[in-house]
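Please construct the entire structure, taking both the sequences and the accompanying hints into account.
When you read off a place in the sequence shown, starting at 1, and then add 1, the result is the number in this note's numbering.
Please note: incorrect hints may appear among the correct ones.
Here are the in silico distance ranges between beta carbons for each label pair [claimed, not checked]: (1) TRP319 x ARG243: 23 to 29 Å; (2) VAL244 x ALA210: 23 to 29 Å; (3) ALA220 x LEU311: 27 to 33 Å; (4) ALA281 x TRP112: 52 to 58 Å; (5) VAL99 x LEU236: 35 to 41 Å; (6) LEU85 x ILE62: 18 to 24 Å.
If you're looking for bench data, these hints aren't it; they were derived computationally from the structure. Since this is a predicted model, take the numbers as computed values, not measurements. Just so you know, even glycine gets a beta-carbon here, dropped at the ideal spot from N, CA and C.
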Amino acid sequence: MDLTTIWFLLVAVLFTGYFILEGFDFGVGMLLPVLGRDDRERRVLINTIGPVWDGNEVWLITAVGAMFAAFPEWYATLLSGFYLPMLLILLALIARGVAFEYRHKRPEAQWKHRWDTAIVVGSLVPAILWGVAFANILRGVPLDADHEYAGGLFNLLNPYALLGGATTAALFLTHGAVFIALKTTGDIRQRAGVLAVRLGAGTTAVTVAFLAWTLTIRASAAAVVLAAGAALALLGGLAAARVRREGWAFTGTAAAIGLAVATLFAALFPTVLPSTLDPAGTLTATNAAATPYTLTIMSWVAVLFTPIVLAYQGWTYWVFRKRIGVANIPRH
2 MDLTTIWFLL VAVLFTGYFI LEGFDFGVGM LLPVLGRDDR ERRVLINTIG
52 PVWDGNEVWL ITAVGAMFAA FPEWYATLLS GFYLPMLLIL LALIARGVAF
102 EYRHKRPEAQ WKHRWDTAIV VGSLVPAILW GVAFANILRG VPLDADHEYA
152 GGLFNLLNPY ALLGGATTAA LFLTHGAVFI ALKTTGDIRQ RAGVLAVRLG
202 AGTTAVTVAF LAWTLTIRAS AAAVVLAAGA ALALLGGLAA ARVRREGWAF
252 TGTAAAIGLA VATLFAALFP TVLPSTLDPA GTLTATNAAA TPYTLTIMSW
302 VAVLFTPIVL AYQGWTYWVF RKRIGVANIP RH
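The following block contains the structure:
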């Protein structure tokens, strides 16, 4: 296996980790007004992700950084062609992060309501647009012979991409509900578990439809296996949620998201961004890659620092592993 293939796999792993970890973050944010009936319950929900949400976003920074260094042509074409959705994702993530920090600064209900709205919108927008973006990456976009995007915004809002956005939003909602059930006690835990099961039917339907459509656009033996695994993992997670086995339920929804993202990358390779306009404009892992010298240096850096980062984040999750409830939140 050459370095180009290795770094394609590493980018895929980084985005997979990001969607699994940030997925439940987004789900919790979107469910804030649904499961949080008053301020203390909303504070419980925010505290379930408080110690980890910013660490989860490091996966995105690392994934984009790896793409920039290992596949500069892919990075340049993708971020210029997808400029508006990427900008909206960035603004939503900024608003969401600021809301987490500023919500508790003043006691007025209106102040908190405004920041709660920012959390909901800041979670919903990326949850949808990431699905739209990755669906377009797999489907292909109009690129000319110089690998420059030749379409407009509406080229990105095609039916397949919109289904991709609905799929990621639904998966993250269900993943978030399961996570809340795993991390809370009392009435919130009960309601989150019930909601996860109720969301399950719709989530399964859109996920299976999206994966099936994906395999009609691009397919490989690995993609078919991964897609089937994603569907089975989701069904297993929902079955576990129904009998209140939150740990297994969370494992199932996490595996479903991970395998679904892996399906997209497996179906895509060795292409990284197909052109629907001119075959000469298609970007592959080979013609989009950096020099072998650059990839070699990056590989050594990854070998040295990746275990440290993983150990630190694993330690964070272990330290904050206990459940919390309204009793753990002061009234003021």
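- Query: Is the distance from the Cβ of VAL244 to the Cβ of ALA210 consistent with 23 to 29 Å?
  - Reply: Holds, since VAL244 and ALA210 (Cβ atoms, about 26 Å apart) stay within the stated range.
- Item | Outcome for the supplied range 23 to 29 Å, where the beta carbon pair is TRP319 and ARG243 | holds, 28 Å
- Mind checking the hinted window 18 to 24 Å against the Cβ distance between LEU85 and ILE62? holds, 21 Å
- With 27 to 33 Å as the target window, see if ALA220 and LEU311 comply at their CB atoms. holds, 32 Å
- Message: Can you tell me whether the CB distance of ALA281 to TRP112 sits inside 52 to 58 Å?
- Response: For ALA281 and TRP112 the Cβ distance comes to about 55 Å; the hint holds.
- Are VAL99 and LEU236 spaced within 35 to 41 Å by their CB atoms? holds, 38 Å
The earlier numbered hints are all upheld by this structure, with none contradicted.
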